[in-house]
Amino acid sequence: MELKDIKAIIDLMKKNSITEFELEEKDSKLRLKRGINGGSPAPQSDDSFQMPSLPTIAPSISAATPPTTASVIANTGEIDIKSPMIGTFYRSPSPESASYVEVGTEVNSETVVCIIEAMKVMNEIKAEVKGVITQVLIENGKPVEFGQPLFKIRPV
Amino acid sequence: MFEKVLVANRGEIAVRIIRACKELNIRTVAVYSEVDANSMHVQMADEAICIGKAASSESYLRIDRIISAAEITDVDAIHPGYGFLSENAHFAEVCESCNIRFIGPSPRAMNSLEDKAVSRALAKKAGVEIPTG
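So the sequences go chain by chain: H and F.
Each residue of the first sequence is one higher than the last, beginning at 0 in numbering that gives the first Met the number 0.
Each residue of the second sequence is one higher than the last, beginning at 0 in numbering that gives the first Met the number 0.
Don't read these hints as lab results, they were simulated from the structure.
Don't take every hint at face value.
Computed, partial: chain H to chain F, Cβ under 8 Å [to be verified]:
1. 84
2. 85
3. 117
4. 118
5. 142
6. 144
7. 146
Computed from a predicted model, the values in this text were never measured in an experiment.
Note that the Cβ used here is the ideal one computed from N, Cα and C, for glycine as well.
Bound-form chain H, shown alone (with noise of 0.2 Å):
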């Protein structure tokens, strides 16, 4: 099995939702486990999860557990600022203001890095987290639930 193999498997399991998969084939076996709520499992490193050919196989498993908490690091060392609220999402503080942040903005943790206006209140979203904004999700004016990532951010 190939490391694209496995990649097309994570994959197949977040689409479905499956939390858990076994494979064993002659000489190896492989076991998946991704996080349902909030934990996000360590990389499974028991003896059922045995590829001496792939030993760089871990961080692709650690990938495929679903960020969970606040923020969680994946294996890119970046971290999701995650929508704490369901609303809208605005990136100005009003329509003719520029944006809190664009990418590559350095925010510290009381930056706010934009507003989700929830039952006509105005909340104003801090970064929580020192780094440098890599990847902003979320389109200006679209609605947001809880939970889901709003930005990318390298933390420094």
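Put chain F on the given structure of chain H with help from the hints.
Relative to chain H, chain F alone:
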């Protein structure tokens, strides 16, 4: 008739409401907590919105989150099912003030029946026989 209804409940209760809506050609919005992401009601509804963490006090019982979900999905009405917010007069009032129909009794009816003494006085006034005590 409504075009789109938000079901503010989960599990079997929500599934039954969604089925009824489907029979009536009404579109449905499910709400769910992080722990219920794989639930049947989430899969059955036309749209689904995550409203919070596992604890119902952080999700299904949060009036502000339910209303926000209703606003971003632009529903005509909210069906509370039973339990959770179904007997919460304040919730019914908030729905009313947001121009969303609350599918259930009026806030006035809920207020007057939630208290036993008030209910008894009401029954008496209406000429219904009530046991003493």
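Evaluation of the interface hint that places residue 144 of chain H against chain F, nearest CB under 8 Å: holds (4 Å)
Interface hint compliance - residue 146 of chain H to chain F, C-beta minimum distance less than 8 Å: holds (5 Å)
Status of the hint placing residue 85 of chain H at chain F (closest C-beta pair under 8 Å): At 4 Å from the nearest chain F Cβ, residue 85 of chain H passes the 8 Å test, so the hint holds.
Per-residue hint verdict: residue 84 of chain H, partner chain F, C-beta under 8 Å: Given a least distance of 7 Å, the restraint on residue 84 of chain H holds.
Hint check: 8 Å Cβ-Cβ cutoff, residue 117 of chain H to chain F: holds (4 Å)
Status of the hint placing residue 118 of chain H at chain F (closest C-beta pair under 8 Å): The hint holds - residue 118 of chain H has a Cβ within 8 Å of chain F, the shortest such distance being about 6 Å.
Restraint check, 8 Å cut-off on beta carbons, for residue 142 of chain H near chain F: holds (4 Å)
Hint compliance for this structure: no hint is broken.
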